[in-house]
Amino acid sequence: MSQAHLAYSMDVSTLHSSNISSSSDHIDSEKRVNLSVYYESLCPYCANFIVNHLVNIFQTDLLNIVNLRLVPWGNTRIRSDDSWICQHGVDECELDVTEACAINAWPRV
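With my numbering applied, the sequence shown has no gaps in its numbers, which climb one by one up to 125 at the end.
Just so you know, the hints here were simulated from the structure itself, not pulled from any lab data. Glycine included, each C-beta is placed from N, C-alpha and C at the ideal position. Each statement offered as a hint is correct.
Between beta-carbon pairs, the in silico distance windows are:
#1 Arg93 with Asp44: 34 to 40 angstroms
#2 Asp107 with Asn80: 34 to 40 angstroms
#3 Ser52 with Gln75: 18 to 24 angstroms
#4 Asp44 with Ser99: 40 to 46 angstroms
With the hints as constraints, model all of the structure from the sequences given.
Put into structure tokens, the structure is as follows:
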């Protein structure tokens, strides 16, 4: 496997559990804006985006109107033999899988 491209995911569970309340708390999921963020676990640019920009969703009322989906898959390719090539290497591929499993196991966090 080559290099993988995926930014380190910050502790979203801590941010997500913060107390955010407003009149928009009761917006149906179907009426919210769908936002999927594809990132790379070891990409410094992805980490910068998450820590310095995406974090604003959790610190404002935006979280109440957004269906946020984090996808640890960034710049990853699948070879013909079904192996993965990640931009920042094997460690990034392993982190991507670990993060994807955690997101699947705890979807509400």
